[in-house]
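J.: Protein sequences, first through last, are from chains A and B.
Heads up: the first sequence is residues 5 to 245, going by the working numbering.
Heads up: the second sequence is residues 20 to 639, going by the working numbering.
I should point out that these hints are in silico values taken from the structure, not numbers from a laboratory.
Treat the hints with caution; some may be incorrect.
Simulated pairs of lysine-lysine, DSBU-like, Cα-Cα distance not exceeding 35 Å [what the hints assert, rightly or not]: (1) Lys95(A) x Lys22(B); (2) Lys49(B) x Lys42(A); (3) Lys107(B) x Lys211(A); (4) Lys42(A) x Lys425(B); (5) Lys95(A) x Lys274(B).
Residues per chain, in single letters:
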Amino acid sequence: MVRLDWVYGMNIKVRIKFSKYGLMKFIGHLDVMRYFQKLLRRADIPVAYSTGMSPHQIMSFAMPLGIGLESDAEYVDIEITERIASDIAVKRLNEQNVEGIKVLSFRELPEGAVNAMASIKAADYEVSFSDAMAPDFSCFETLKDMYEEPRISVLKKTKKNEMYVDIKPGIYGIWGNEERIGMCLSCGSTLNIKPELVIKAVYDRLKIHMPEHALLIKRKEIYTETDGVRISLDKIGDDIE
Amino acid sequence: MGKQALSDDILLTVEKPARYIGNEVNSVVKEPGNGVVRFAMCFPDVYEIGMSHLGIQILYSMLNAFDDVWCERVYSPWTDLHAIMKEKNIPLFALESQDPLHEFDFLGITLQYEMCYTNVLQILDLAHIPFDSKERTWEHPIVIGGGPCTYNPEPLADFFDIFYIGEGETAYRALIDLYKECRSAGVSRNEFLHRVSGIGGMYVPSLYNVEYDAEGLIASFKPVYDDVPAVIRKEIEMHLSDTYYPIKPIVPFIKVTQDRVTLEIQRGCIRGCRFCQAGMLYRPVRERDVELLKSYAVSMLNNTGHEEISLSSLSSSDYSHLKELVDFLVQYAEEKRLNISLPSLRIDAFSLDVMSRIQDVRKSSLTFAPEAGSQRLRNVINKGLTQEDILKGASEAFLGGWSRVKLYFMLGLPTETEDDMRGIAELSNEIARLYYELIPKSERKSRVQIVTSTSFFVPKPFTPFQWASMNTKEQFLEKAHFVNDCMHEQLNSRSIKYNWHEADVSILEGVFARGDRRLGAVLKEAYKRGALFDAWTETFHEEPWLEAFESCGTDPAFYTSRVRSTDEILPWDMIDIGVSREFLKREWDNAINEKVTPNCRAGCSGCGARVFGGGVCFEA
Numbered sequence: 005m006v007r008l009d010w011v012y013g014m015n016i017k018v019r020i021k022f023s024k025y026g027l028m029k030f031i032g033h034l035d036v037m038r039y040f041q042k043l044l045r046r047a048d049i050p051v052a053y054s055t056g057m058s059p060h061q062i063m064s065f066a067m068p069l070g071i072g073l074e075s076d077a078e079y080v081d082i083e084i085t086e087r088i089a090s091d092i093a094v095k096r097l098n099e100q101n102v103e104g105i106k107v108l109s110f111r112e113l114p115e116g117a118v119n120a121m122a123s124i125k126a127a128d129y130e131v132s133f134s135d136a137m138a139p140d141f142s143c144f145e146t147l148k149d150m151y152e153e154p155r156i157s158v159l160k161k162t163k164k165n166e167m168y169v170d171i172k173p174g175i176y177g178i179w180g181n182e183e184r185i186g187m188c189l190s191c192g193s194t195l196n197i198k199p200e201l202v203i204k205a206v207y208d209r210l211k212i213h214m215p216e217h218a219l220l221i222k223r224k225e226i227y228t229e230t231d232g233v234r235i236s237l238d239k240i241g242d243d244i245e
Numbered sequence: 020m021g022k023q024a025l026s027d028d029i030l031l032t033v034e035k036p037a038r039y040i041g042n043e044v045n046s047v048v049k050e051p052g053n054g055v056v057r058f059a060m061c062f063p064d065v066y067e068i069g070m071s072h073l074g075i076q077i078l079y080s081m082l083n084a085f086d087d088v089w090c091e092r093v094y095s096p097w098t099d100l101h102a103i104m105k106e107k108n109i110p111l112f113a114l115e116s117q118d119p120l121h122e123f124d125f126l127g128i129t130l131q132y133e134m135c136y137t138n139v140l141q142i143l144d145l146a147h148i149p150f151d152s153k154e155r156t157w158e159h160p161i162v163i164g165g166g167p168c169t170y171n172p173e174p175l176a177d178f179f180d181i182f183y184i185g186e187g188e189t190a191y192r193a194l195i196d197l198y199k200e201c202r203s204a205g206v207s208r209n210e211f212l213h214r215v216s217g218i219g220g221m222y223v224p225s226l227y228n229v230e231y232d233a234e235g236l237i238a239s240f241k242p243v244y245d246d247v248p249a250v251i252r253k254e255i256e257m258h259l260s261d262t263y264y265p266i267k268p269i270v271p272f273i274k275v276t277q278d279r280v281t282l283e284i285q286r287g288c289i290r291g292c293r294f295c296q297a298g299m300l301y302r303p304v305r306e307r308d309v310e311l312l313k314s315y316a317v318s319m320l321n322n323t324g325h326e327e328i329s330l331s332s333l334s335s336s337d338y339s340h341l342k343e344l345v346d347f348l349v350q351y352a353e354e355k356r357l358n359i360s361l362p363s364l365r366i367d368a369f370s371l372d373v374m375s376r377i378q379d380v381r382k383s384s385l386t387f388a389p390e391a392g393s394q395r396l397r398n399v400i401n402k403g404l405t406q407e408d409i410l411k412g413a414s415e416a417f418l419g420g421w422s423r424v425k426l427y428f429m430l431g432l433p434t435e436t437e438d439d440m441r442g443i444a445e446l447s448n449e450i451a452r453l454y455y456e457l458i459p460k461s462e463r464k465s466r467v468q469i470v471t472s473t474s475f476f477v478p479k480p481f482t483p484f485q486w487a488s489m490n491t492k493e494q495f496l497e498k499a500h501f502v503n504d505c506m507h508e509q510l511n512s513r514s515i516k517y518n519w520h521e522a523d524v525s526i527l528e529g530v531f532a533r534g535d536r537r538l539g540a541v542l543k544e545a546y547k548r549g550a551l552f553d554a555w556t557e558t559f560h561e562e563p564w565l566e567a568f569e570s571c572g573t574d575p576a577f578y579t580s581r582v583r584s585t586d587e588i589l590p591w592d593m594i595d596i597g598v599s600r601e602f603l604k605r606e607w608d609n610a611i612n613e614k615v616t617p618n619c620r621a622g623c624s625g626c627g628a629r630v631f632g633g634g635v636c637f638e639a
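Bound-form chain A, shown alone (with noise of 0.2 Å):
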């Protein structure tokens, strides 16, 4: 039998799940994107082109991650021109990746799925401190009592403006402990929150300066939402065989 994808073809897309961490925390969004780029050249995957006067390969992050910041959980979004195993591409892009990202996943997505920046909806965070600026409070115990209150208001800066804003909503979770603190926020168009950003209300109330860089973060998993119910993105695909 043979698919008509293969015959007309049709582009397959696929999500990527690699994991960023040590050195590579330092490399920020676009150079990541330059980097995939080179690195599905290297592994020989038949990445598929946009057509027009400037052909690129079909690319799309789920998320940028901040600069500083590691994740157990990226993801891209790709379309390849003929369909590759699974096992062997990530194989293959293991083989050519640098200490310090590692593909994951490697699997195809359903057919009409939305692709993965446009279906993000929220994100597990750990957060711990840097040997030098732990706090000399206890953390995590006030994250705890202020989650209990109806409201967290927040002073928020944007590029224009800065105001105060609840945060509460978009606080799924909060677990862990004082060395390690958990948390599931929530992320995409609608409501973004970052990890810095509950920490420092844990500061603001006690009325202490957070120093910079004083937070270890690590991105834990992205997620989306069907029927209600949040679910990574790698769920969304299947292994091709």
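Add chain B to chain A, keeping to what the hints say.
T.: Chain B in isolation, oriented as in the chain A frame:
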């Protein structure tokens, strides 16, 4: 996880932390110890500039191909990190291991332009290595310089233990073997340097005594020991198709100036332009085998994932198999969706055809480098390009759809008159006029855009103009204003944009290009007073330099505008590039007499480079 010389806090504070972390694709990490010689290769400018340099990539891959050597990279910390390292006393480190430089066996510094000399001092300063060679012990690495500026290394003589004169492929193996031998035999550092002077191409500046006469001219320049050569002949790789090439070049994370695969197709230039130092230094022309180049191109693109490839040479149009190579690359690029860039191509039917295949004609511009505004002055500088060539090339281009032209000229060339300068404006106008004549109004998308730029001529060692007087800053600026006024007088002046460079940097370049070892004091003084990154307009300041000259009692004009006699002992006379002093003198006379000398393929002019026994000199 990789080691970090800088804390997270520092890396998150500075601009572009990726400059300092290493870990790039194809960077080489080895296990230190077991007699591995540690070599730190430095380009004394910011990462994005240094990473774009092919020479460093060649040497890096060559040295790392040696099992007993680990070569790493170092670039100048930008001013933000510089301040932090000074304040916190953090020693400068190599990117791969993040180990401090003072733990290395060698610190190699490439000298690509004079305006990086204060950055050389910055490297030594931050690395905690004494500025002066004579104050160093075995506790410090051997500091070795290479690159085009080492053809007159004298202004830096105090700061380097060794200068490697010539092409890097040939003598490093012998140098490293000698180093290992001397270290295991426990000989002194000075004795090691003495023995180094016996290796071809090695100039050890501390082993030469310079005396000056009452006027400050060099009276004598002699080695201090009998077995130290009085003249050092440049090293040259005569087998370019059978030597090291970086087929796995390092791929930076951040966007660098040359973010592409670079294919060096040949070395040297047959043209013999009299102002051009590279054209003399790298004689004779040697080509790389075309089949080899094709295979290099494919491997390098596969190994890097780059989406662009560029050819590198002084004059690509003179490469004998250019058409075959370009046809191959164009086809390969179409298949793999790559871009090609072809700098230094003569504008003719072939190159226009190629360019129309590889780029968007409407967006790209054509570049001509007539260098001088009149045929008379072009004959003086031996620039073979005629007005007819330029107009023919331009008209073919206009008919092919191009409407943007860039023109490059120099001001301050020897014998230059007002007519020559006016010629710059007139030629720019003529090209604009040609466009309006050739392209009917209905087909014009917009006005033709001519961008004319002038730089100021700096006489360089080992050129026929090495004896010439350089203009003063005031003369330069006067000339630029004169050309600007002439531009306004042109009928098509609204289609022409004229740019000129700042003059103060050119003057400094002129001082150090033909300077002697007494300038070391000025450099140190300028660095102490804050001069750094002088090649960058945003960081260049004239004041520390003026103060440094003043406090050292040095007159810059001695090095720039003073007319040198052809009998004078020049600071670089101990170097032999194969091209003879007699030839340069002959060419200086020909220049004054406005006499053109044919290129190497049209006829041999007996420059002396035949002595190397190959290349264009022996083409059938």
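J.: Which of the stated hints cannot be reconciled with the structure, identified by number in ascending sequence?
T.: none
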